[in-house]
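Undergrad: Protein chains in written order, with numbering that gives the first Met the number 0: chain A, 0 to 398; chain B, 0 to 526; chain C, 0 to 453.
Keep in mind the hints are simulated off the structure, nothing from the lab.
Ideal placement from N, C-alpha and C gives every residue a C-beta, glycine not left out.
Among the hints, erroneous ones may be present.
What the hints assert, rightly or not - Below, a list of computed lysine-lysine pairs in the DSBU-like style, where the Cα atoms sit at most 35 Å apart: (1) B/469 with A/243; (2) C/46 with C/115; (3) B/469 with A/192.
Claimed, not checked - Chain B stretches covered by chain C per the calculated footprint, using a threshold of three residues with CB under 8 Å from any CB of chain C: (4) 363-369; (5) 491-501.
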Amino acid sequence: MNVSLLGQSEPLAQRLSELRGRAPQRSLDARALAALAANPGCRRRSLLDAAGVDKGAVARQLGRPAPFGQSPFALARGNVFEARLKDDGYAALLEPLRRHLGLPEESGTALAVPDLLRRSSPAVRAERTREALAEAAADPSLWTLLDHPMLRLTVAGSPAHLEPDAVLVHGGRCTVVEIKSFPVLDGSADPAKVGAAARQAAVYVLALQETAAALAGVPAESDPYRAQELPGSPSTTVLLVCPKDFSNRPTAAAVDVRRELATTRRQLSRMTGIGQLVAALPEGTSFDLVPDEGGAPTRPAEELAAAVGSVPAAYSPDCLSTCELGFHCRAQARCSDAVDQLGRGVRGELGSIRTVGAALAAAHAGPGDGTADAEADEASARLRYAAALRAEALGRAAR
Amino acid sequence: MSLLSTLARLQAVRSGRAEPLATVRHRHLSERPMVVVPLAAAGEAGAPLAVMLGTDREAPRLHIVPQPLNRDQRFDFLARFGADLLPYLESFADEVEHVEGTERDAGTGERTPVVRELCADAPQLIVPNTGSVQHLALIGRSTRFRRTAEDADPGPYPAPTQVPLLGRWLTHLTDRAQVPGSSLLLPMTALLSRHWATGQSHLEDQHLAALLAWHVPPAGLTGAEAAERAESERDAHGQLVRPSAGPATDPKFDELVLAPAIARHDAALAAARAAAPADAARAELLVKRAAEQLHGVLEQVLLPTWADVWQGLDLLRALPEGGHVAERWEGDRWSFTGHRDRLAAGEPPQPKQDDAVTAARKLAQREREQVRLEVQEALDDPLAMAEHRLAGEAFAGEVVAVVPEYDTSGRSAKPRPLLVVHTADRPHADAGREVHRVGAATPQRGVVAGFDPDGGTVTVRVVSGMGRRKEPEPGSLPEVGERVVFTLFELTPRQSAPLPDPEDTPWTHGGPPGAAPMSASSTEEWE
Amino acid sequence: MTAGMTADQAPGAVADAAVAAILEASVRPAPGAPRGVVVDSPPGAGKSTLVVRAARELVASGERLMIVAQTNSQVDDLVDRLAAKGPDLSIGRLHAGDSRPAPEALRHGNVTASEKVADLLEHDVVVSTAAKWQWVRTEAPWRHAIVDEAYQMRSDALLAVARLFERALFVGDPGQLDPFTVVGTDQWAGLSYDPSSSAVVTLLAHNPAIRPHRLPVSWRLPASAAPLISAAFYPYTPFRSGTGPGERRLAAAVRADGSPVDAAIDEAVESGWALLELPARHTVRTDPQAVAAVAAVVRRLLDRGLTAHSEQGSAPVAPGRIAVGTAHRDQAAAVRQALAALDVPVDPAAGPAVTVDTANRLQGREYDVTVVLHPLSGRPDATAFHLETGRLCVLASRHRHACIVVARAGIAELLDEHPSTEPVQLGVAVKFPDGWEANHAVLAHLAAHRVPLS
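Isolated chain A, as found in the complex:
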């Protein structure tokens, strides 16, 4: 499943770059790719992500910045944990891997840790990783740890570079190792965080599947239930390495990412539809912030808002915690009186009624005020019934 847009990729890449304007392209990392699944129905997000627009900067300029950030304490803790794992020739990291993957004791076969040229450019590193993976997979008896390899995945015609924490190769196959600083407490961990880690790791598995297929010179398998068995093919179970309980000691947990892998494939293949979104934009649309000499944006907020508004959004309150533009889109949803501002679940109750005003009008209409439309009548009748029950219980008049 290679997402290049044959033939059209040049003009599309060109058009996306124009949309972005002067700002450097925000490259899609695994986290960003995994986040595509958060709200795939949102065209605004799809387009801005595909164009590599810095949504955080746009949100600031629109006057509703995203409240995201990471505490320096959390960052420090994460770095300390990962550094500790790699001390003493990866001693702490290898202990949990040994248990899970049957890695031999230190006395046995040595673990190879090839140099992956971490200071080089992404393209060079990716090439070096390919070589190292091929070498490591060629001899099934070898144990090889790829420390921060660089993987390449083509997304909507442009290459994305992905950097897993580690990949372990043995028996001609490899396993993605994902290091996280949230704890595994008495064998369980925050399911939302594990889910996010699994989606992220699935992106690496997908990139490794493509790498292995490319090395073997065959197309990658697209059936979600069938794993390809090529030299260097990744296991669809990844290892999550986390602090154990309240300590800094690592523990590893196997996570089956087949489901997330299928999701990721789906989301990436959708990105080929970006061309249609771009084509639907009004002439001259741009998300350029027009920075001045000091880098401060000068694009008038109304103009920027109009540009952003030219792509429809699918706002839901979950966006507040997953998308930089969440607060902006919420304000828009409120302005347009959309029922979506109350959450995804609400719409299921209201059928084709889309605005707060229409819903309240239906709830407080008389029984004869209905439309000729049976379905709209059904939703209105239920709202009217609910309004009558509510008024009765609160001792108010229904109308």
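We have chain A already, so just place chains B and C on it with the hints.
TA: Leaving out everything else, chains B and C in the frame of chain A:
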């Protein structure tokens, strides 16, 4: 979300104010609740940073961990937190009432009367949000196994005695908080959300200040505007004006305020340790100042939430208490009494994981209490009953006819009268469905004999609750013109089936839990 | 494991070999063999027949037997079947005080019903629900148990009844709906004995020596359905149909009237599947137009006098051989009302009637033709409930001949836009297939059998 609560949210969008979701208060509120507002240190699970607590809104007490990574300081903090909280909890332990009951003898199966103690009242902790409950649970988990100097083997890092005791109480309270309708430990956001709808989503309702903004928006602002201001307004230093109620702090606060204050305190401590005797007094003073500054910084972050929780209590107190709230609070009192007794009996701390039987028992209890809660809320509150009516699980209406009929199949004739009820509701009243009459003198069951949706009449054959004679007891049946409510669900929860004792756990579930050592986690590292 | 399945072996022989291995393991276990035998059975693979055979053989070997099923109607069905196939068996039907057994169960001379287990101890077989068995206190005389629909049973229910027997045969369909609870159970997620998980999951976790058997042939699903259901819902445990293409046939006595409803019926008669598609629109659950379309399909199915020809002979597709499946109870109620307005019999008490029920209640049932109101029809959002694999699996696998799905257009887009941010619990085996993939596979198949209704 049901259509009724959706409608309330829609109305709140329009009015710009919170709209009622209940006509009575469905949770017990103590006369002397302990408000607890904890803060967690970022990046590490269950690492405490500070806690503000107290029973007097004018006199919050604040405890902090000056350096969250320092184990000794964390223990100090937990010991102070424990010393502050435990006397409150224990103050409910002594005043008891005596309840007569029976106990089945395990050997003979005979029931013998026993008198048991039940604490007359129980403590109540109010925290800002569900995140705070989880944080307290983590603190409970991380401290209840701590060894103290009093243990036979105190281990390398003995903790003050209050620490494991605090852990066991927090574990009990947070576990009890999982039981539907329980009130020993309540998050304010959940309390407010149960009783009022805002014009925003339930995700946004997790932010206590934003939630309260819908109740008391500043003049000239709608609830939505006030809530957005509460979520995002920052001062000239980039700090939130209404910091979120935790337990996590705002990253910008960590970066720009907390980290520098901690660094200053660390530096002052280091300087004091290195100080020559002549400078010692001055260095101590600098440490004290740095500590005070840190204290002040955390106090500033906590005070708005502290005030919010009390304001929430004011709002809730204005609602009359639901009729069954006291009955459910008695369950909480039993829960509290039980834990008191286990502590007194010297039982070991709660295990890390429930065994199979305990887990099944807890699940059964939660399911039973969920049913009880739903039924009792519906009985106490017409708005809660309206949910069931809308769902077709209940109907209300006026009795338009009572037709005396009898079952003469047995030796003596029994009354089986028909009630014809005129209703605007549309119950799922298939013929033969069992229905239950709300507010009958004794529990009264009926069977749907007919439903005419067009005419709006349900015919119910009453089969019980009419006494033992051929004619129904006077007053046991509603009269023509009387308003009645019937439910399609039972009005008393069913008992849960018995489960084996843990030592009789069957082979399908791994057999009895092994005598696994209470894994003394003094080996758990803290740094 | 079950015998290897190859395409050239006759399905009957493959199935017989599997059944023989299961009976051997259950009735004559080797010394040291695990105390449980687990049988995974895809839809219509002869689970009930297996239970009856195992019961008879166990009784024949001198055992007294208890049977645990999950719902009263399952127990009644089982008692009915057991009594009919085993007239020599004495059968006890244990029931709760407030639930009288169905007349079909009690019509046999060899069946005794009682609320008290003491009245039934002398019978060869005693059958009841898990809920009722939990209250049985007696000194258990049973060594053997059969647990039917074991994947629907919750782990805590098994915990409460397992003390009553020493060995057990667990039979069920892993592809149907999982047990559920409305209260929080996160704290037990990942534990082998999580009380809210399926009984079989717990049993297998604690008894790793148990290797589940599989019934490899569906006798219910026609050749037009088995490959799709197998691939979409049982990707790692494939099965096949017992009958080949063309062995099952539907024929309509009355010609199509040119309407889309009749065109959909013809498509289903021809190919075993039809998708009657209404224009895209977001609707409330009880979408009146979709409900009306379902009712119209059923009305026309009856009006057109369908005959079902199969290996069992030829029979008219009467009301009792037709079912309507929905996701929600209010949808079922709305369909029942619409059918009644078209004079279609829906009250089983008044004679043969079309069954209209939710997926939960259709589990284990079988009909000639089913009409399904697609769980995602008209929805503005897909929730975990509506995407649940088991729900669609139940709805799409109740038929012997044909299945007609009624839906609004737009489900493909709805799936496409569905956020996939599921939480992941450590230690909990991921259930395959994913609801999204399964829905997608079924929808892709139905696209070839689409009849638009405008």
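Undergrad: Take the hints in turn and mark each one as holding or not.
TA: The hints, checked one at a time:
1. B/469 with A/243: The hint is violated at about 71 Å.
2. C/46 with C/115: holds (28 Å)
3. B/469 with A/192: Measuring from Cα to Cα gives roughly 66 Å; hence the hint is violated.
4. 363-369: Satisfied; 4 residues make the cut.
5. 491-501: holds (count 4)
Hint check: violations occur at hints 1 and 3; the rest are consistent with the structure.
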